[in-house]
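Residue numbers (the working numbering), protein chains in the order written: chain A, 36 to 303; chain B, 1235 to 1585; chain C, 15 to 271.
These are computed hints drawn from the structure, not numbers from a lab.
Don't take every hint at face value.
[Said to hold, decoys possible] Restricting the straight-line Cα-Cα distance to at most 25 angstroms, the calculated cross-link-like pairs of lysine to any residue (SDA-like) are:
| hint | chain 1 | residue 1 | chain 2 | residue 2 |
| --- | --- | --- | --- | --- |
| 1 | B | K1367 | A | R202 |
| 2 | B | K1367 | B | F1306 |
| 3 | C | K179 | C | A213 |
| 4 | B | K1367 | A | D297 |
| 5 | B | K1367 | B | D1388 |
| 6 | C | K179 | A | Q256 |
| 7 | C | K179 | C | P140 |
| 8 | B | K1341 | B | F1306 |
| 9 | B | K1341 | A | S85 |
| 10 | C | K179 | A | V168 |
| 11 | C | K179 | A | G257 |
| 12 | B | K1576 | B | R1524 |
| 13 | B | K1341 | A | R202 |
| 14 | C | K179 | A | S85 |
| 15 | B | K1341 | A | R214 |
| 16 | C | K248 | C | T270 |
| 17 | B | K1350 | A | T216 |
| 18 | C | K248 | C | A137 |
| 19 | B | K1350 | A | V168 |
| 20 | C | K248 | C | N139 |
[What the hints assert, rightly or not] Restraint-style ranges between C-beta atoms, simulated for each label pair:
| hint | chain 1 | residue 1 | chain 2 | residue 2 | range |
| --- | --- | --- | --- | --- | --- |
| 21 | C | K179 | A | N198 | 57 to 65 angstroms |
| 22 | C | K179 | A | P139 | 44 to 52 angstroms |
| 23 | B | R1369 | A | V100 | 25 to 33 angstroms |
| 24 | C | P112 | A | P139 | 23 to 31 angstroms |
| 25 | A | R296 | B | G1414 | 47 to 55 angstroms |
| 26 | A | L167 | B | T1366 | 47 to 55 angstroms |
| 27 | C | P112 | A | G69 | 18 to 26 angstroms |
| 28 | A | P112 | B | A1352 | 32 to 40 angstroms |
Keep in mind that this is a model prediction, so the values were computed, not measured.
No residue lacks a Cβ here, since even glycine has one placed at the ideal position from N, Cα and C.
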Amino acid sequence: MSRRQPRIAQSRPPIVFSVLAALGVVFFLLPLIGLLVRTPWSDLVSLLASDVVIDALVLSAIASVAAVIISTIVGVPLAWVLARLEFRGRSLVRGLVLAPLVLPPVVGGAALLFALGRRGVVGEPLYDATGLVLPFSIWGVVVAVTFVSMPFLILTVEGALRNMDSRFEGAAASLGAGRWTVFRRVTLPMIGPSLAAGMILTWSRAIGEFGATVTFAGNLQGETQTLPLAVFVALESNRDAAIALSLLMVAISLTVLVLLRDRWLRSL
Amino acid sequence: MTLDVSITVSRGGEFTLEMSIRIEAGETVALLGPNGAGKSTAVASLAGLLPIDEGRIVLGNRVLDDPAEGVFVPPEEREIGVVFQDYLLFGHLTVAENVAFGLRSQKEEPDAVDAKTAVWLERLSLARLADTKARDLSGGQAQKVALARALIIDPELLLLDEPMAALDATTRVELRRDLGEHLSEFPGPRLLITHDPTEAFLLADEINVIEEGRITQVGSADDIRLRPRTRYIADLAGSNLLVGNASSGVVTVGTHVLHVADTAIGGSVLATIHPRAVSVHRQHPEGSPRNVWKTTIVRIEHFGDRVRLQTGEPLALAVEVTPAAVDALGLELGSDVWLSVKATEIGVEPG
Amino acid sequence: MARRRLRNGQLRVAFGVAVIGFLLASCGGSSDVSDEIRVSAASSLGEVFIELESAFEAANPGVDVVLNLGGSALLREQILAGAPVDVFASASADTMAPIVDAGLSEGSATVFAQGFLAIAVPAGNPANIDGLVDFGNEELLIGLCDIGVPCGEYGRQVMSRAGVKPAIDTNEPNVRSLLTKIEAGELDAGIVYMTDVIAANARVEGIEIPDAANVAAEYSIAFITEGPNNEGAKVFVEFVLSEFGQMILAGQGFVTP
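Extracted from the complex, chain A is given alone in its bound form (with noise of 0.2 angstroms):
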């Protein structure tokens, strides 16, 4: 509290401002109370403890992980690209970028299948050179989450490095700071908040993602099974597991989302 604050009597909505607010509190609080209505409690521990559930957690965390940190790799150098550079097709690859976004992903999952699959355009080739089969491994996963993911990354972060300042970067070079240097020390560090927020986005989009791994990857216990396609395929046999599967989700994903966003408001 060493700051001052300005002493301004909290601001007061307009009524009709509470009302719709309340209304979008409340479109979003009613699918959760539904689950949380149809909840087997009692059985919800034995439900959690199977393997299935258990194999499919494991894999989404380390799917949804890895989808950030590639994201992060390479979409953070094409982020800068789209923002820094002026070239012929800019808006065309940016257009690319976003596909992702609008594509329904069952058909992202499909394109990904034609492209990289065994019969593939480079999936053939790969496999004929190396054996490598990108479905119906994890890293099938992987690559199906990824293509889904990143595009969140990707936007938050060149819209930062557009609204950032550019001439801290001249200010950084002028004192003899290399290229390196300078998106190290100043750059990155300056769009570090927007940077935190396209990763926890990008993570979102991955630990939810179904259409493009269930057509990309497959679907097979401990190899490529998600947490929802574990939801999905449980919805159709066993419902009771389903809605402890979705709650499970919902219960790490706020959990997740709460603490992140706590830590990452505090250093900013």
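Keeping the supplied structure of chain A fixed, place chains B and C upon it in accordance with the hints.
Then chains B and C, alone, in the frame of chain A:
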């Protein structure tokens, strides 16, 4: 070490900066002009952040930019210390880290970096702020950090872009003298970019006035103040600046004594008199204004609806009157006149 | 303190209004449209039901059959949750059972067609699949429908009858996605309905399963009494069971009772 600049830079198609400046080692030159005159473009070009279109930038025996020869030295290799407008400190780093930034970027030994940083922090009285995040500094503190950050890399040229603009009026007066000292300790050429004539008059040996991308007048503070070449310079250089000593309501400038309203101030001061605050008479004026003296007109210049006079001994002043007054009083070169100034019209600040 | 309480009160009122508004909006539903028949059908019935739809609409001008295709179990969940559906055509009697048990259908469901299973391989059969034995080969990429999905249950029955332990690489959520992967050549073989192989034309090849191992999928149909258009539903079910309807089914490779 000499800076020799003769450049043409286009920006956004509309605006073109054409500028030649030469600064010797140990000399401070001010580039004085309004916003949009091309000062930022000049800074960016010198620092290597904006390639020039034609001409050359030569610092000592190094050519930094010469498109005709295909030479362009990138900013990180120019060895120019820049104090940027708004300082551009790295808010996420501490004061010490900001100061050490250049040396660390140039891969100096960590121990040497720490030692040099400590010296510079001490020199600018920043030692107690070493661990403060730069974003938490006041304007005056930030200026010192920016100065230390630029000077620690031992640059060959010091470039100051509006170093006072971000400060409030009180701090500005306080820090001006400090800045003057730091400037005089720097051995290389120094270029001060500013829109504030007072700053230019006090800190620079030579002033280059820049308007709409062209340099319109070069000269000493007195040249600019007393013999403005354009209407803009006349307005800009508006006030007469007099350095003197104050004691109980009296300021002594050379041999002349001025009565001022502020009786509390003492010691070395800066007195300002606006040219239009001075009244011109052919006879000793009626009534009893405190400041009345006799002098001679040594120069007359017409700027549209105004006439600018320059007076001689005992106090070289710029005086502005209307053309009608010139006619009515029959003023011409060499006329003897009486001048009067109210004590309340003389601004005084510590100088 | 008083101010604070007042503001909380305001928020509570706003929240209440929002909840009521939301509930009203979601309960409204659409009004009776007697000329619309909503049919939920298993995805494996997709092709043939599209044909049935156009034949029925031609015979009954002014009536619009709205098809909702999906996995049988998912469709069932929607109906159990109160979706406004008039007719439900399921790919297995087991899937249909909870609907009947819940009393959502008048009487029992009717089996209107049977479908035998077949091995599907990509065009040209690149992995040289001969029969069910190959499903045990770890080297091959094998897909089945998932447990709980009718084609998955039938596929497993076929496997156990043939005495083969399949080396499964993926359990697809429905027969369509299984076919997509076989078509693309990503899977070497899978077990689907014979009707799917026929509908896929030359994009996949079918290999017959010996009668001893094969099982018949029993497609059953029921009209949902909770649905908005009971009259239309009855007429549509009768049409499917009629000679004309059965002819259309047979034309797509279904075995009719």
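Status of each hint after checking the structure:
At most 25 angstroms may separate the alpha-carbon atoms for a hinted pair to count; B:K1367 and A:R202 meet this at roughly 19 angstroms. In summary, the hint linking B:K1367 to B:F1306 is not supported, as the alpha carbons are separated by about 35 angstroms, beyond the 25 angstroms threshold. Using a Cα cut-off of 25 angstroms, the hinted pair C:K179 and C:A213 is violated, with the two alpha carbons roughly 28 angstroms apart. Restraint check for B:K1367 and A:D297: satisfied, since their Cα atoms lie roughly 21 angstroms apart, inside the 25 angstroms limit.
Distance hint between B:K1367 and B:D1388 is fulfilled; the C-alpha atoms sit about 24 angstroms from each other, no more than 25 angstroms. Proximity of C:K179 to A:Q256 is assessed by CA-CA distance (about 16 angstroms); at most 25 angstroms being required, the pair is judged to hold. Among the hinted pairs, C:K179 with C:P140 is consistent with the structure: their alpha-carbon atoms are about 22 angstroms apart, no more than 25 angstroms. Using a Cα cut-off of 25 angstroms, the hinted pair B:K1341 and B:F1306 holds, with the two alpha carbons roughly 23 angstroms apart.
Note on B:K1341 and A:S85: the hinted pairing is violated, with a Cα-Cα distance of about 55 angstroms set against a maximum of 25 angstroms. For the proposed pair C:K179 and A:V168, the alpha carbon gap of about 23 angstroms is at most 25 angstroms, so the pair holds. A threshold of 25 angstroms between alpha carbons decides the hint, and for C:K179 with A:G257 the separation of about 18 angstroms falls inside it, so the pair holds. Of the supplied pair hints, the one linking B:K1576 and B:R1524 holds, its CA atoms being roughly 6 angstroms apart against a limit of 25 angstroms.
Distance restraint check for B:K1341 and A:R202: the Cα-Cα separation of roughly 23 angstroms lies within the 25 angstroms cut-off, and the hinted pair is therefore satisfied. Of the pairs offered as hints, the one joining C:K179 and A:S85 holds, with about 23 angstroms between alpha carbons and a cut-off of 25 angstroms not exceeded. For a cut-off of 25 angstroms, the pair hint linking B:K1341 to A:R214 stands: about 14 angstroms separates their Cα positions. With a C-alpha separation of about 20 angstroms, the suggested pairing of C:K248 with C:T270 holds against the 25 angstroms cut-off.
For the hint pairing B:K1350 with A:T216, the CA-to-CA distance comes to about 20 angstroms; that is within 25 angstroms, so the pair holds. Under the criterion of a C-alpha separation no larger than 25 angstroms, the hint pairing C:K248 with C:A137 is inconsistent with the structure, at around 41 angstroms. As the CA atoms of B:K1350 and A:V168 are separated by approximately 57 angstroms, the hinted pair breaks the 25 angstroms bound. The hinted pair formed by C:K248 and C:N139 fails the criterion: a straight-line CA distance of about 44 angstroms is larger than 25 angstroms.
Checked against the hint of 57 to 65 angstroms, the pair C:K179 and A:N198 passes, with Cβ atoms roughly 59 angstroms apart. Evaluation of the 44 to 52 angstroms hint for C:K179 and A:P139 yields a failure: the beta carbon distance comes to about 36 angstroms. Taking 25 to 33 angstroms as the suggested C-beta distance range, the pair B:R1369 and A:V100 conforms, at roughly 32 angstroms. In this structure the hint that C:P112 and A:P139 lie 23 to 31 angstroms apart at CB holds, the actual value being about 30 angstroms.
Take A:R296 and B:G1414: their Cβ atoms lie about 49 angstroms apart, and the range 47 to 55 angstroms holds. Distance hint check: the CB atoms of A:L167 and B:T1366 are about 54 angstroms apart, consistent with the given range 47 to 55 angstroms. A beta carbon spacing of about 19 angstroms between C:P112 and A:G69 agrees with the range 18 to 26 angstroms that was offered as a hint. At about 37 angstroms, the beta-carbon gap between A:P112 and B:A1352 stays in the expected band of 32 to 40 angstroms.
When held up to the earlier numbered hints, the structure conflicts with 2, 3, 9, 18, 19, 20, 22 and fits the remainder.
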